[in-house]
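K.L.:
Got chain A sorted already, so can you dock chain F onto it with the hints?
Residue numbers (this note's numbering), protein chains in the order written: chain A, 1051 to 1709; chain F, 1051 to 1709.
Because the hints were derived from the structure by calculation, they are not lab data.
Source: prediction; values computed, not measured.
DSSO-like mimics (lysine-lysine), calculated; alpha carbons at most 30 Å apart, straight line:
1. F:Lys-1307 - F:Lys-1590
2. A:Lys-1658 - F:Lys-1307
3. F:Lys-1128 - A:Lys-1673
4. A:Lys-1128 - F:Lys-1128
5. F:Lys-1353 - A:Lys-1128
6. A:Lys-1673 - F:Lys-1689
7. A:Lys-1353 - F:Lys-1149
8. A:Lys-1187 - A:Lys-1208
9. F:Lys-1177 - F:Lys-1187
10. A:Lys-1171 - F:Lys-1690
11. F:Lys-1171 - A:Lys-1678
12. A:Lys-1351 - F:Lys-1673
13. F:Lys-1305 - A:Lys-1673
14. A:Lys-1678 - F:Lys-1353
15. F:Lys-1509 - F:Lys-1208
16. A:Lys-1351 - F:Lys-1221
17. A:Lys-1200 - A:Lys-1533
18. F:Lys-1689 - A:Lys-1093
19. F:Lys-1305 - A:Lys-1305
20. F:Lys-1690 - A:Lys-1673
21. A:Lys-1678 - F:Lys-1689
22. F:Lys-1353 - A:Lys-1305
23. A:Lys-1503 - A:Lys-1208
Beta-carbon label-pair distances, calculated as ranges:
24. F:Asp-1399 - A:Tyr-1632: 45 to 53 Å
25. F:Phe-1303 - A:Phe-1411: 45 to 53 Å
26. A:Ile-1373 - F:Val-1665: 14 to 22 Å
27. A:His-1391 - F:Leu-1392: 55 to 63 Å
28. A:Tyr-1501 - F:Val-1653: 47 to 55 Å
Every beta carbon over 12 Å from chain F, so not counted as near; a handful from chain A, in silico:
29. Ile-1379
30. Phe-1411
31. Thr-1471
For every residue, glycine included, the Cβ atom is placed at its ideal position computed from N, Cα and C.
2 protein chains.
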Amino acid sequence: MNETVSNGEELAFEFGVVIPRRVVQEKDAFSDMALVLVKEFEKVGFVVERVVGIADEFIKLAAPVETLGRAAVELQIKKQTLIGMDLQFEVEEVEAFVKQPDGSVFSWCERFQCYCHLLHKIVNNGKSSKILKFDGKEIHWEIGENLLQKLESENIVKQVFPLHDEKKRKKLLRSWALDWWDFTSQPIDEIYSYYGAKIAIYFAFLGMYTRWLLFPAAFGLMLQIIDFGSLKLVLLPAFFVMVILWAIMFCQFWKRKNSALLARWPISSIIAADPGYKIPGTRSLQPPMELMKVTESDGAKGKEVYQRYEWFGRLLRFRNDAIIIFSIICLQLPFELAYAHLYEVIDSDIMKFGLTAVYLFAIQYITQIGGKVSVKLIMYENNENTEKCADSLVYKVFGLYFMQTYIGIFYHALLHRNFSTLRKVLIQRLLLSEVLENLLENSLPYLKYSYKKYRVRHKKKNEKGEATESFQFTSRVEKEYLKPSYSASIGEELEDGLFDDFLELALQFGMILMFACAFPPAFAFAAVNNIMEIRTDALKLLAILRRPVPRAAATVGAWLNIFQFLIVMSICTNCALLAWLYDEDGKWKIEPGLAAILIMEHVLLLIKFGFSRLVPEEPAWVKANRAKHTTQAQDMCSKKLLRTISLGDKTYGEEKKLE
Amino acid sequence: MNETVSNGEELAFEFGVVIPRRVVQEKDAFSDMALVLVKEFEKVGFVVERVVGIADEFIKLAAPVETLGRAAVELQIKKQTLIGMDLQFEVEEVEAFVKQPDGSVFSWCERFQCYCHLLHKIVNNGKSSKILKFDGKEIHWEIGENLLQKLESENIVKQVFPLHDEKKRKKLLRSWALDWWDFTSQPIDEIYSYYGAKIAIYFAFLGMYTRWLLFPAAFGLMLQIIDFGSLKLVLLPAFFVMVILWAIMFCQFWKRKNSALLARWPISSIIAADPGYKIPGTRSLQPPMELMKVTESDGAKGKEVYQRYEWFGRLLRFRNDAIIIFSIICLQLPFELAYAHLYEVIDSDIMKFGLTAVYLFAIQYITQIGGKVSVKLIMYENNENTEKCADSLVYKVFGLYFMQTYIGIFYHALLHRNFSTLRKVLIQRLLLSEVLENLLENSLPYLKYSYKKYRVRHKKKNEKGEATESFQFTSRVEKEYLKPSYSASIGEELEDGLFDDFLELALQFGMILMFACAFPPAFAFAAVNNIMEIRTDALKLLAILRRPVPRAAATVGAWLNIFQFLIVMSICTNCALLAWLYDEDGKWKIEPGLAAILIMEHVLLLIKFGFSRLVPEEPAWVKANRAKHTTQAQDMCSKKLLRTISLGDKTYGEEKKLE
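Same shape as in the complex, but just chain A:
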């Protein structure tokens, strides 16, 4: 239709609005809801395309840079400038802001924010309420009322969701998801441009983890395949020490990699959290207004109030964590132990199978309840932004999964000292996670999608009463509408599908590391799994799911702390495993060997916590680069800047006096 070309580049439609396909066509164009909607969208500055699908009608929206710029000014978005400081966006001064790696002004996350803002500022600012007609229904659009909210509450606008950009998607599909021979290398910058920082960071993490995994995988396989005889008693501790050092270094070097990535992407340091649209339930995450006022009025008293607020928040958080930990220990632990014990005691295989089925059913139920309770609890915490909330949720829910995944293994390993069962369980779990989870993860959304397509077709057929095979989904946007979204298994409030992907990684990391001494080749299993995981996850995001809502955060967040916690745990568990491997009679005596293990444990713990001091989190070249760029820009206009500041200060002082 009216596909505009701006700046010589084709505009991509990035948002879709879904309304039902009408039966009755309105004659009066002024009261036709769909036409009014389109007109309002165009008035705001969108480029609009209407697509009629089989069951629904779609309005595709694209925003030229000018429209986005206007929205950004209204939203007071802060962007990184050339002098390294975040300042509010101004249309006229685009030159002052750092460009994205692909040359555009706004990142996908910022564009998303602008779209949401633009969509929700359509208000009836006429003098009287308007009557809109849709499929025979009449809707009164009152003065000052938000059109989209009204229509959503009337169930006429079924959904508003971000669309895939077909050109970029196809390019990524070729260069990323189907590029199987590259093993671990991925076009991270393009992923960032298309999906935003959080998802790009996940894939960068996964890639680096997999690349690093190859080394212990080779060592572990060697230990398994070659028969070292009595030398094995020496090689096993060596393997343990090597693996722990590997893990410690991995975590620290990941931090360096992360900061190197962030240096490439111009991300505002004040991470503009709260992509308001998707999360309607959360309260305002700013400190309460009275607090702000107090701080402004009086320094000393404001400090006190602020401190009280901070500590009260911390207390709440602590209480919530205590509740979660307490309930995990009191409710989940006995249940898990009972299952592990029964599994050990029961002889019959059928009984075992039945028991496991019951267990699996129960555990899913428990996890869901746990997730819900956690989200409820987090609502009462005063976290700074949604990403902090999400981190808090991750910690709490990971507690549940930790118990569920490892306590059975601990039971076999540490209490019963049953190493053969331990190895069997480990192999089972690793293979299960490899085959089953990867399969489930990808096939379940596809099945959902197919089922939805089938239902739509079936419904249409019934309505029309014809038995022909005519209903083909021709429009991409309708297909996308039927695709499932990238959502977490524990609920959509605070986390998206990344939760499940990271959870899988973390559980795998814990599994291979905490029982490294019992089963060295586990690393090889994990490496193979992860090489596959990279491409299947990419495929899932590109082909099977809708385009996810971008998240502002640009670090791994809580998961890195969980990885580090798992390293500490694994130092302790492996030492215990070694102690029991060498002390087969169960004499519980401190012999030189045991003392050596204790000393080794302490040395490793010291290295774990000292290493972060040895290797800084930010590479020197990143620091030098940033310093160079910002000082260059600063020096360029240092005098003018100072002039501006001192003038601003004076006018500010005068304003204060006038008050």
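P.N.:
This is chain F only, laid out in the frame that chain A set:
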């Protein structure tokens, strides 16, 4: 003479130049060295006062704000502006910069830098070399030659040193050093204004440490005085856990306190290190020029070169640390163990006394050598600035002191399980450190000062051949010149007297914490000692020593890490002590008690490393305050700033094109 009053405030003379008192007075004013010097100083912008002392002549210098401002512009000093960014100082835009807490524009550290710069920019920029006469000697001042360096090399300018500001000094003496009844409270902001950030931070740390110490001191005394009978076996572990938690919390809360202090003082985030004047030996601490060039020319290659540079530096650092650790273990450890063993074996008290004397002599020698070797090694490291160098030195030298102080105690405690000797040694050391060190610390400089005064008087008397008692030191500046400077015992290259003061604190902290279970009342000893220490250190700085050269750093630096290391050590040592207290028969068996201790150790270690995540290093109110101030200022002039930046960018681009 010409004591100017600027801004209604009296100028303080803050620098002194010492030249010998002349015998022959020059007639020709143009070639009289002293007059030329004074004239040149006045030409630069100093306010000058000449004082004739008994043995020397003094030129006192004061700099009005205008002079300092000019020097700051020439030095390109970066100062914090109201928008929270560091920009180069400009005289006309003084309003844009954040003022010091006492209302002045420059901090003492910045003033010091300016003085040094001004003193060393006096160059002969006439057309011919000048001949200066001094006490019969003739000096040729060549064109382009630096006057002060020339005179220093000719031994005519004996010394250039910072002077006490008599008014402020007296005020501080009253409100700080002699204010015994305030126990731990001190006027930190005034100390900052007078001595700079580093010394103020030391006293803030000492004050907070002492205040916190009162709680375990009370608990420890209670344990000692009241006889709990068999309950003591339960109370001792409780005391241990309490003390460790106390120490962990102290370290974290100190970080908060430190950042709160820094929020009060406008300190440039790029800590302007390298107060060039005092440290002539150090090489340029910037990365080499070719490196800078490479970074500028090519991104990818520059990164690689930088990375190589970074890792090479780290390798060097690692090698040096390894050398130090290796030599401590191979050379110092056997020596210390031999002493401890001989002390244990020998019966005769006289022999013991002689042994200790030999030991003390030898250990001092070893420490000095160690310090020198460390400084040599550090010269080959590429630390970022002098403060990083100083930190590196602190780590290395602390290793020496750690061995020297604790290994004997470990020997008694852990190998011989001789708890009574352990307690005796602890009491000895604590009392020694309390009485002797405090006494030495204050009386030694005073004795030095008196001796110097005596020598000057004696010399004069001999010269004049008169036996009258006429030589009274009337001028303050001459007295100050004779006072010793605030220097470290391990050499003056990288550290000043703060090294000894912090070392004393750290050794005390380790002593009371690592053997907390063996001797709980040690905390009370330490608390009393530190309350005294605050005032005696203040007295030392104000009355006995010269005004120290200010240092730019505004944190405790390496010492906090050392404190944290001592906490970790003390978790382990106390657990060992507890294990051996409860296992008196020496059966070396893992009983439930021992297992409990092991678990307790691990839990405490976990808390140690987890606590820093629970309580952030920066209080919320500091963050909020800073954000409020800077955003206010930023928003005020956001548009103009952007305009400036984008203009600057354009002109920069054009310049590049022209090139």
